[in-house]
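*Asks:* Sequence:
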Amino acid sequence: MASSTLSSPFLQLEFPSTKKPSSNLNRLSFIPSQIKVKVKASVSEKPFPPISEPKQLTKLPIRKIPGDYGIPIITPFKNRLDYFYNQGRDEFFKSRIRKYNSTVFRTNVPPGPPIAQNPNVVVLLDSKSFPILFDVTKVEKRDVFTGTFMPSTDLTGGYRVLSYLDPSEPKHGLLKRLIFFQLKSRRDHVIPEFRSSYSELFQTLESELASKGKSIFNDANDQAGFNFLARSLFGSNPGDSSLGRDGPKIVQKWVLFQLSPILKLGLPQFLEDTIIHNFRLPPSLIKKDYQRLYDFFYQSSGFVLDEAERLGISREEACHNLLFATCFNSFGGMKLFFPNLMKWIGRGGMKLHTQLAMEIRSAVRSGGGVVTMAAMENMPLMKSVVYEAFRIDPPVPLQFGKAKRNLVIESHEHAYEVKEGEMLFGYQPFATKDPKIFDRAEEFVGDRFVGEGEKLLKHVVWSNGPETENSSVGNKQCAGKDFVMLFSRLLVVELFMRYDSFEIQVGTSPLGPSITITSLKRSSF
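With the first letter of the sequence shown counted as 1, position 62 gets the number 62 in full-length UniProt numbering; the numbers rise by one all the way through.
Source of the hints: derived by calculation from the structure; they are not laboratory data.
Wrong hints could be hidden among the right ones.
[Unchecked claim] Each pair of labels, with its calculated beta carbon distance range:
#, residue 1, residue 2, range
1, D246, I62, 29 to 35 angstroms
2, I216, E316, 57 to 63 angstroms
3, I216, T354, 35 to 41 angstroms
4, G368, A210, 29 to 35 angstroms
5, E503, S362, 53 to 59 angstroms
6, L267, K521, 34 to 40 angstroms
7, E200, F303, 41 to 47 angstroms
8, S284, H412, 23 to 29 angstroms
9, S314, A374, 49 to 55 angstroms
10, K184, K78, 32 to 38 angstroms
11, D188, R245, 41 to 47 angstroms
12, Q299, A374, 42 to 48 angstroms
Keep in mind that this is a model prediction, so the values were computed, not measured.
Glycine residues also receive a C-beta, built at the ideal position from the N, C-alpha and C atoms.
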């Protein structure tokens, strides 16, 4: 596939950046404001041709991919129980690495039958094999965002939205251009609207701390995040509409209807696995709530919908895509990642907090006392902390791709032959904690990417591509990659402009850590 000449305009065209332009942009694939799923992942529908002589040259010894898929229905069911309950996700993969002495192997992944008829995957768990999932010349990204099953399009207005499209499909480029247009058009509103929305969050936290002695970060973050996205990207305040404060709860319910087959919700095991992992939740149950979201975004998106029509996209299809990109990808990312960011910084302790506060306040003062993109470029520790949080806890941990042809995939030790049509699966937290790449890979090291450490950024791949590359219409890297990085940095900046330090308690929830703020120490210098 030819390289595209259009890349993300959000930061690249207007703001200073330390990233070097890529000369090979078509070797990526992801979207945080977009997603991908799998409708017919059955590698057993037709026999595969014999593996041809590999065209790629490899100096590594060829090894047959270890593992197997076992007995249909029975083994996938057993694997699902191990994945969710008997072992848990991380141990599920670690135990098989030990068993096969390999970071590449065959297994089944949830949900399995009856929702996903073919749960067979080739697993990639190291930093060398994993990046093939970004190379759209080698893997197909059509309908593979959630892997071996695809949620009903009734949940997205009857459309396959951008996250499910392969770059080879004509609509992919058009819809991605539309997202780029929106981001570029609204870029000047991002910093002021973030500061406004998250000022409200911090006021809520302080008020609850004063009255209750503690405050739940997650709930306040959901409301602030949704308000910020609506105000910055659409110029609309949800509180002034019929949607009111219901947006975050509706989005959470809507996402549950899409992802329930691959989530552990904390229900009794028999109930959860028998019902949630075997049967899809009926889209009709969420139809009225989804319509409320759709009406809000349709009424707020006039200028983007006008551009969509100019590109040849109907206003209706464009609105469903804007809703998905905003609510599933951007809001979903904030809901997952911000608590993780707070967790890791909170655990960093007073020394890290003091260093961040000093660096951030000094850079802002030097820039005239205003938080700007230029000021943030002079905060190397702050930037490193955010990169490190994305490395150790990527918000979208599972990636999938279907081999377009017979391939040779390399790990650090071996090369493996994969047949055309086989589903490849990567669990990103293992790839980005590869000890062959990162020292103290399992630890959060705040200054890991300062100075010479910037060379490691090519191994930070939360956006479905290397941090050193750019999103384009020809790849699946997150269209809002720079937007997400900007608002993640802004959270850290706003936090330490206001406070010297903070203390937290970390709990668990179905979607990640639950953060309770127990102390906020006001800025003293």
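*Asks:* For each hint, tell me whether it holds in the structure or not.
*Replies:* Hints, one by one, checked against the model:
The hinted window of 29 to 35 angstroms between D246 and I62 is violated, with their beta carbons roughly 56 angstroms apart. Checking the proposed 57 to 63 angstroms range against I216 and E316 shows it is violated: the Cβ atoms sit about 37 angstroms from each other. Distance hint check for I216 and T354: the Cβ-Cβ separation is about 26 angstroms, which falls outside the suggested range of 35 to 41 angstroms. For G368 and A210, the hinted distance range of 29 to 35 angstroms is satisfied, since their beta carbons lie about 33 angstroms from each other.
Between E503 and S362 the Cβ separation comes to about 24 angstroms, which falls outside the hinted range of 53 to 59 angstroms. L267 and K521 have their C-beta atoms about 39 angstroms apart, which keeps the hinted 34 to 40 angstroms range intact. Evaluation of the 41 to 47 angstroms hint for E200 and F303 yields a failure: the beta carbon distance comes to about 26 angstroms. Roughly 49 angstroms separates the CB atoms of S284 and H412, a value that falls outside the hinted 23 to 29 angstroms.
As the Cβ distance of S314 to A374 is approximately 40 angstroms, the hint placing it in 49 to 55 angstroms is violated. Between K184 and K78 the beta carbon distance is about 50 angstroms. The supplied range of 32 to 38 angstroms is therefore violated. Range check, D188 to R245: about 26 angstroms between beta-carbon atoms, so the 41 to 47 angstroms window is missed. For the pair Q299 and A374, the beta carbons lie near 35 angstroms from each other, so the given range of 42 to 48 angstroms is not met.
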